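**Q** Sequence:
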Amino acid sequence: MARDWIYPSLLILRFLLPNQALRNYPENEVTLLDSMSALGDLGWEAYPAEGWEEISVMDERNTPMRTYQVCNVMEANQNNWLRTSHIPRDGAQRVYIEIKFTLRDCNSLPGVPGTCKETFNMYYYESNNGNVWFIKESQYAKIDTIAADESFTQVDVGDRVMKLNTEVRDISNLSKKGFYLAFQDVGACIALVSVRVFYKKCPLTVLNLARFPDTVTGGDSALVEVHGSCVNDSEELELPRMYCSADGGWLVPIGRCVCRPGFQESEGQCQPCRPGFYKALSMDSYCTKCPPHSYSLQDKASECTCEKGYYRAELDPRSMACTRPPSAPENPISTINETSVALEWGPPRDSGGRGDVTYNVHCRKCPGDGRKCGPCGSGLHFSPRQFGLALAKVQVTDLLPHTNYTFSIEAVNGVSDQSPSPRQLTSVNITTSQTVSVTLMKRKSKDSITLALQGPESANGANVEYEVTYYEKNQRDQNYTVLRTRLNALTVDGLKPGTTYVFRVRASIDGGYGNYGGDIELETSHEDMLAIGDPNQPTILAVSIAGGIVLLIFLVACFVVSGRHCGYIKAKQDPEEEKMQFQHGRVKLPGSRTYIHPHTYEDPNQAVRDFAKEIEASNIRIERVIGAGEFGEVCSGRLKLPSKREIYVAIKSLKAGYSEKQRRDFLSEASIMGQFDHPNIIRLEGVVTRCKPVMIITEFMENGSLDTFLKKHDGQFTVIQLVGMLRGIASGMKYLSDMSYVHRDLAARNILVNSNLVCKVSDFGLSRVLEDDPEAAYTTRGGKIPIRWTSPEAIAYRKFTSASDVWSYGIVMWEVMSYGERPYWEMSNQDVIKAIDEGYRLPAPMDCPVVLHQLMLDCWEKGRSDRPKFGQIVNTLDKLIRNPGSLKQLANSSVWEDPITPELSSGTVEEWLDAIKMGQYKEQFTTAGYVTLDSVIYINSSDLGNMGVTLVGHQKKILTSIQSLQTQGTQVQV
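Residues -21 to -1, 1 to 953 in mature numbering (1 follows the signal peptide of the UniProt record, and there is no 0) are what the sequence shown spells out, letter by letter.
Since the hints were made in silico from the structure, they are not lab data. Keep in mind the model is a prediction, meaning the values are calculated, not measured. Think of the CB as a built atom: it goes at the ideal place given N, C-alpha and C, for glycine as much as any other residue. Heads up, a few of these hints could be off.
[Claimed, not checked] Okay, the calculated beta carbon distance ranges per label pair:
#1 Gln899 to Trp112: 58 to 68 Å
#2 Arg253 to Cys352: 50 to 60 Å
#3 Gly924 to Ser865: 24 to 34 Å
[Claimed, not checked] Below, a list of computed lysine-lysine pairs in the BS3-like style, where the Cα atoms sit at most 27 Å apart:
#4 Lys155 to Lys115
#5 Lys848 to Lys778
#6 Lys691 to Lys896
#7 Lys867 to Lys848
#8 Lys279 to Lys268
#9 Lys452 to Lys640
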């Protein structure tokens, strides 16, 4: 009778079950056992023998399926077991069992006693042996009692509406080679149609150029940390990691790989740069076309080879065009004044494609006594210098009299030393002379003036000649006359009576005329008269007489000519003063794009319209609040502009109830930011001003502010990564400096970091809250100043320039290399000002290379003109990145260097931890039994990890301090 009840249910299965060949399982599931895929008998063990029974049925495609049934419901106290064959777990700690079954409703069975059940039990047994013949019931571990969601009746079978029950259970923390499953029937009418055993894995995937392998999920819902391996032709930027969840999904990607030089990312792989393109640095995103005058014939190029005759300097970025040496300077001019000469020349016609042209002046002399020519020696003085001249002029003093000199001027640039070709020179020959007096004796008549020229004896037997030029006053451009004579007197006839004439006289030796002397005004009389030495008219003129073909120019004439061309002496102006003046709308530097201060606008709203794009509020979707600013909340969200892809953005909003001044100050930041376009300056997307709230939309920087980011990832970056961050900041500041913009508040808190570790300068507000800590800002008459980041002249005199920004940049360098440490630690603002004034400078952070600390010290020079420019800083960092070996030598710094705290001798562990700013670990040290300084000197990194000190940077800091303790005994200088 039992079989009559159960067989109809199996027959109906042929109508309900899908074809087993069509069963597709998810990618992240690995099947260990599937009874429906068995081609023959399953061979499972049933005991007692009259309990579970294996039968074969056909699906709708007439494919046989093996199932088990049991229906001993007429007898009480049933205990029927069905055990599978041994199932290898394949390394899985957690497996899932999916069973499909039918179960008969006891009420539909007439005459069945009350012992009929509608449930059955499922068990498992772990074993390393695949041939276990007998297992005691007590050895099984119970998985669960299984009940049907829907049971069937005989009527159901006839109407063919029976449903198949599906239940899934799991087993965790498996450790042996495999296991057995067992099903216990205690008096039910069951058909076990399908048993599938599987485990979950996170499938192989490639993300951020890192390959993560197939990973079996952990037990007890634990996340499994997996380290990815960089794909071919890539290298680690930050160790790539992901977590495999219990459900077989990848979570929380951290770190990434970047394509090596010569390769670019494309569809998750690193593709080689094709010929004609290159990629110099791993941090560069894409291959770029070879710059002018260079080429790459092969793929995978990390730099392009310069064409013949073109070169690249050591510090030139690989993106710069190849260049060549300049041509010779042009149009040299010499101005002699007795034993000194002023040389000026024009720039070379061809600069070689570079902007770093300087000039060298070489000198040879030939004594007038016939001796052989030779080098000028060290007796001459060149002002400002002889070599490396930035300006095209030099003053040479202490020349010997009556001596021929040849000055050869060459233009050089950054690649001149690489060219095998001879340097191109331009030369100037001069002869020094003596100064003689010429007396002008005048005899006036109505139509003539006689000049008596009292000259010197001819030098070295040369003939002296005078040249006289004259013209009516105020008529020089219309008509003038030139007369020459070797005599000591000259009469000028044909003049107009009662008319003022201007006379100019110059002299020469053997045809080599000098410069004209000063103008002399003489007036013809209305009647003839003789005047010798007229006291109302100057009569003595100093004239320099030169030999050869060189002009003699009076020094005063030089000043006159220079004054006519220049109008003012620009050298006396402070170049930083020019920038500051233009910032307030008074001076414009020609030939460059320059920042325009919003306050120069009569209507500040016009500045916003000029420099910021208006965005419709409907194009913005705010998602979450990420912070608070001076004027309101800061949120993240998405911006979708017509015909453009959706991007993540940061949204600053102006809080309600604002005043017009607050609105103006809020939007002035957008007026400033909108003028900048540089990869290391935060990018303005636009503003919303036509509705409320008023908003500023900028690009979204996933990693937030640099100081917080560094503290969170203490010790996790390589030195070269940190230098790359610093290089980006310096590049942004160079751009701002070139734009004549002075930031005034450069600090790590005002640098933002995106997901690719690109650092961008931000915070361009005119009225900014510097820090929440009232000790952080020092109030002066002009406002608040962030003391720890500000140069001495800016604190004392509010002298903010690009040089003061360089000082602040040095502090940012220190913040980066110390992973966000507070500059000057717990010193008060007054202590900081006093220490800086007395010459104290921050020591090198732990593991800081010598060259980087030296660059910091250069930025902290007291004289602002002695500090490097941002362009020089960028070049220096580029050189370090290209030569990482220069970063290996570390500065001899100690974590104990603090100028204001006393010496700690034989102190406690808690005092020691406070001194090195690791006080958060006091409880861990006490719990581990380290209560005296004598006991901590034997701690190693493994001990720290066991105590809960897991951050690499904190471990380094503590271990470095312990080394100091080992050296000093128990004397610690805090």
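**Q** So, for every hint listed, does it hold in this structure?
**A** Right, here's what the structure says about each hint:
Taken as a hint, the range 58 to 68 Å holds for the pair Gln899 and Trp112, whose Cβ atoms sit roughly 60 Å apart. Checking the proposed 50 to 60 Å range against Arg253 and Cys352 shows it holds: the Cβ atoms sit about 58 Å from each other. The hinted range of 24 to 34 Å is satisfied by Gly924 and Ser865, whose Cβ atoms lie roughly 33 Å apart. For the hint pairing Lys155 with Lys115, the CA-to-CA distance comes to about 18 Å; that is within 27 Å, so the pair holds.
As the CA atoms of Lys848 and Lys778 are separated by approximately 17 Å, the hinted pair is consistent with the 27 Å bound. For the suggested pair Lys691 and Lys896, the alpha carbons sit about 16 Å apart, so the restraint of at most 27 Å is met. For the hint pairing Lys867 with Lys848, the CA-to-CA distance comes to about 25 Å; that is within 27 Å, so the pair holds. A hinted pair counts as satisfied when its Cα atoms are at most 27 Å apart, and Lys279 with Lys268 qualifies at roughly 13 Å.
Only pairs whose Cα atoms come within 27 Å are accepted, and Lys452 paired with Lys640 is rejected, the gap being roughly 62 Å.
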